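Novice: The hints should help you fit chain B onto chain A, whose structure is shown.
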Amino acid sequence: MNAATSEKLKPLYIIPLTFVIMAGGFTLLREGIMNQVLTTLFAVVWGTASVLLLFYSLNLLAQLLKTKQYNAVIPYIFIGPAVLIMGWYLLIPTIRSLILSFMDKKGVHFVAFENYKYVFTDPTMLTALRNTFIWLFFGTVFSVLFGLIAAVLADRSNIEKFGKTLIFLPMAISLVGAGVIWKFIYAYRPAGDTQIGLLNAVITACGGKPHNWLGTAPANNLFLIAIFIWLQTGFALVVFSAALKAVSSEMIEAARIDGAGEFRILINIIIPDIAGSIVTVSTTILLAALKCFDIVFSMTNGLYGTEVLASQQYKQMFKFLHYGRGSAIAIVILLAVSPVIWYNLKEFSKKEVF
Amino acid sequence: MNTRISKTQQSKEALSRRIITVALILLCIVWTLPTIGILVTSFRTKDVVSSSGWWQAFKTPKAFTLDNYGQVLFGQRYTVSGKNGQAIVTRGATMLSAFLSSITVTLPSVIIPIFIAAAAAYGFAWLNFPGRKILFAMIIALLVVPLQISLIPILRDYQKIGLNGTYLGIWLAHTGFGLPLATYILFNYISTLPRSILESAFIDGSSHFDCFFKLIVPLSVPALASFAIFQFIWVWNDLLVALVFLSGAAQKMEVVTVRLMNMAGTRGTDWHLLTAGAFVSMILPLIVFLSLQRYFVRGLLAGSVKG
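Protein sequences appear in the order of chains A and B. Using the working numbering, read the first sequence as starting at 1 and increasing by one per residue. Using the working numbering, read the second sequence as starting at 1 and increasing by one per residue.
Calculated directly from the structure, the hints in this document are not laboratory data. Quick caveat: nothing in here was measured; it's all calculated off a predicted structure. Please note: incorrect hints may appear among the correct ones.
[What the hints assert, rightly or not] Result set (DSSO-like, lysine-lysine): computed pairs, CA atoms no more than 27 Å apart in a straight line: (1) A:K117 / A:K105; (2) A:K245 / A:K351; (3) B:K252 / A:K315; (4) A:K315 / B:K160; (5) B:K133 / A:K66; (6) B:K133 / A:K68; (7) A:K117 / A:K319; (8) A:K245 / B:K12; (9) A:K350 / B:K133; (10) B:K252 / A:K346; (11) A:K105 / B:K160; (12) A:K68 / A:K10; (13) A:K68 / B:K214; (14) B:K46 / A:K319; (15) B:K160 / A:K209.
[Said to hold, decoys possible] In silico negatives: residues of chain A with every beta carbon more than 12 Å from chain B: (16) L12; (17) A201; (18) D294.
[Said to hold, decoys possible] Restraint ranges, calculated between C-beta atoms of paired labels, are given here: (19) A:I341 / B:N188: 12 to 22 Å; (20) B:R294 / A:A72: 36 to 46 Å; (21) A:A275 / B:L290: 26 to 36 Å; (22) B:S51 / A:G207: 42 to 52 Å.
Glycine residues also receive a C-beta, built at the ideal position from the N, C-alpha and C atoms.
Excised from the complex, chain A in its bound form:
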């Protein structure tokens, strides 16, 4: 048997083998019979191997075709798996959620706009909508502001790298973890007891009365947002810091020689120059604030008037099992995001690569 025939026989065993490995691993993992460490190792090996084998077999199959057909088919082999998965997990669910949002609790009967009516009239939902706006506004404005201040300071200080790392560090912490950290800052005990929360300790030391930070609406929303700002400032800082490096130093030098103060330089030269980054950062943080669910869910569980859209959506779906309302809230969140999608697509169509 020469090399050419063995090459031709390859698809005959590689393709069934791929199928067996993929299906066998899938079933084995679904049954969950192995212990945890073994499952993890198996999953890493299986996941990598089946993805590689899948591409390899599809390529072998395609090579059976004539060159012209091969060239026509090969792009779809490369993009196929990704497109199919994204279709299943994101594109089709969007349409299915849209349909569900017009259905009743169990998703069986058509109820027209009943769920949307609920979203925009129910008192709890109205609180959630109001709070979401507060989150979007304060969360974004202060993250961007602190990020900008920190970036400008870091750029001119002696400890740029160290300082940036410290402020950026919270980005690595989960929102739940951040919640615990701040719950401790806000810890409240009745007047007269020793305060173990930093904030109340400072207030009582100055002669004030301890305050129940998370239990008093509507200001408690701002204290939850502070956690979000604490996390997102680092992100803004990193992006602005990169942008500041690109600002022409000659222009700043020229302005200085003309006698402009540092503050005027910041307002008139630096900020217009990095306007693009400010827009991108603001958009990203807006999106994060809109979807922010973890902080509210783990800190107050939406009590004391702190409900937001994302936490209400979770509750409707998984606590009240009302698929219609849950889907309607998800669609409202999607509608809020849609200007960004539209903007991204517009920018994309300008690109030369396509």
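Specialist: Same frame as chain A, but now just chain B:
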């Protein structure tokens, strides 16, 4: 004369630099203080935690302990009285199993999407085919679609095919939700590689498959690493996806974020345990972050600076 002016200017600049540095240090202290607070608390005994603030911890140096971590990792001790009135010590849910569970959820969720996304990025960047632009536009649109929209439909699918409450289900979910960003990051990188590489490979008679695995993947390692770090931190810190897709599962499958949330809910006043638990949940992402910060920043910039 000139030199003297520049000298005073120089010293003025040095002074303003020092003032700015001090301002930055103040900001850093404000930003770091909350974390230091819980780090100190996690090493203090229950009694001192509830009787004095953590900033007074060093007044009572004897009240430092490692027991909180022991309890959090291996289960909290409960004393119950048995039938004959004797005290029996039992242990509650452990953070250690949650930690292992998080590793089990995270590693495959990082690795599975990488090659799928890299292949797609190669296809979009270097191959020409009908539908290329519209499909890539779809990916751009999906980049910012909130994943909330997928939860109910996917959960229904999972219930039908038996993936609900399994590790496989959550890996695939994280793969699906991570793919648009992964494809986008890798596309941006791969499309800047010089085209001459591809042409010379084809002259040598390589197939697209060989070209992709022997040339493109090794050259794309920095971009692959950026995505991997980003996805690692994202998946590790995720609460929502874990709550939804692992909710039907046994307690031993709870991930750290879910475990920590339950602790915060049920043991809201056991600060000595809660703070230790928070630190256990943070330790891995912090190590990854501090050692591979550069890649993470790159992934973050690529992932957010869209367009």
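Novice: Does each hint fit the structure? Answer for all of them.
Specialist: Comparing the hints with the structure gives:
1. Between A:K117 and A:K105, the direct Cα distance comes to roughly 14 Å. Compliance with the 27 Å bound is thereby established for this hinted pair.
2. The suggested pairing of A:K245 with A:K351 holds, with an alpha-carbon distance near 25 Å, which does not exceed 27 Å.
3. Using a Cα cut-off of 27 Å, the hinted pair B:K252 and A:K315 holds, with the two alpha carbons roughly 24 Å apart.
4. At roughly 23 Å between alpha-carbon atoms, A:K315 and B:K160 fall within 27 Å of each other, so this suggested pair holds.
5. About 26 Å separates the Cα atoms of B:K133 and A:K66, which keeps this hinted pair within 27 Å; it holds.
6. About 22 Å separates the Cα atoms of B:K133 and A:K68, which keeps this hinted pair within 27 Å; it holds.
7. For the hint pairing A:K117 with A:K319, the CA-to-CA distance comes to about 20 Å; that is within 27 Å, so the pair holds.
8. This hinted pair checks out: A:K245 and B:K12 have alpha carbons roughly 23 Å apart, not beyond 27 Å.
9. At most 27 Å may separate the alpha-carbon atoms for a hinted pair to count; A:K350 and B:K133 meet this at roughly 12 Å.
10. Our distance criterion of 27 Å between C-alpha atoms is broken by B:K252 and A:K346, whose separation comes to about 47 Å.
11. Taking the CA atoms of A:K105 and B:K160, the gap is about 19 Å. The hint holds against a cut of 27 Å.
12. Of the supplied pair hints, the one linking A:K68 and A:K10 holds, its CA atoms being roughly 21 Å apart against a limit of 27 Å.
13. Using a Cα cut-off of 27 Å, the hinted pair A:K68 and B:K214 holds, with the two alpha carbons roughly 23 Å apart.
14. A threshold of 27 Å between alpha carbons decides the hint, and for B:K46 with A:K319 the separation of about 34 Å lies outside it, so the pair is violated.
15. Simply put, B:K160 and A:K209 have alpha-carbon atoms about 56 Å apart, too far for the 27 Å limit, and the pair is violated.
16. With a minimum CB-CB distance of about 18 Å to chain B, A:L12 clears the 12 Å threshold, and the non-interface call stands.
17. Remark: the non-interface label on A:A201 conflicts with the geometry, its nearest Cβ contact in chain B lying 5 Å away (cut-off 12 Å).
18. With a minimum CB-CB distance of about 5 Å to chain B, A:D294 fails to clear the 12 Å threshold, and the non-interface call is violated.
19. For the pair A:I341 and B:N188, the beta carbons lie near 18 Å from each other, so the given range of 12 to 22 Å is met.
20. Range check, B:R294 to A:A72: about 41 Å between beta-carbon atoms, so the 36 to 46 Å window is met.
21. Evaluation of the 26 to 36 Å hint for A:A275 and B:L290 yields a pass: the beta carbon distance comes to about 32 Å.
22. At about 22 Å, the beta-carbon gap between B:S51 and A:G207 misses the expected band of 42 to 52 Å.
Going down the numbered hints, you'll see the structure goes against 10, 14, 15, 17, 18 and 22, while the others check out.
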